[in-house]
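In the working numbering, each residue's number is its place in the sequence shown (first place is 1) plus 1294.
Don't read these hints as lab results, they were simulated from the structure.
Heads up, some of the hints might be wrong.
Distance condition first, Cα-Cα at most 35 Å in a straight line; then the derived DSBU-like pairs of lysine-lysine [as the list claims (entries may be wrong)]: (1) LYS1441 to LYS1415; (2) LYS1349 to LYS1441; (3) LYS1343 to LYS1383.
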Amino acid sequence: MKHKLTLLTLLFISILGSAPAYAQKQLSDTDRQRWLSELRTYKHEYLTKELSLTKEQQRDFFPLYDKMEDEVERINTETRQLETTASDKTDASELELENAARTVFEQKRAEGQVEMTYFEKFKEILSPRQLLRLKNAERKFTQQLVKHHRRMKGPKQN
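Work out the full structure: start from the sequences and follow the hints.
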């Protein structure tokens, strides 16, 4: 289990862009997909436990949940690419920079719109209590990965 958390933590950090760029490039597309699959499986297990999902709920919920996460990830990826492109473009006009900045600032709203669309679908599968606990369970999952990452790094050295 500890090894699994270590591997998933590394993936998580690279996905969020917290790892150096060279570390991200070391993963092949195949390895990245495998890591993403492992992370998704582990998250499914975690959410199943935290939300006390039945087998039927798992069957109906996770395909939708994965689609939602894919849409949110697409928004994040596109936003990061736009931000990087605009930042790196030395001859970008003020209008181009402002539009890129607006997109970055609107990212959370776009994510929220996707989540609200899926909230309506989740209501048909999850109980109100499970719906309420979902966001907290997601936060706890992320905190667990970050906490494990910190333990892996050990004490800060100067």
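The hints, checked one at a time:
no.: 1; hint: LYS1441 to LYS1415; in the structure: 32 Å, holds
no.: 2; hint: LYS1349 to LYS1441; in the structure: 29 Å, holds
no.: 3; hint: LYS1343 to LYS1383; in the structure: 47 Å, violated
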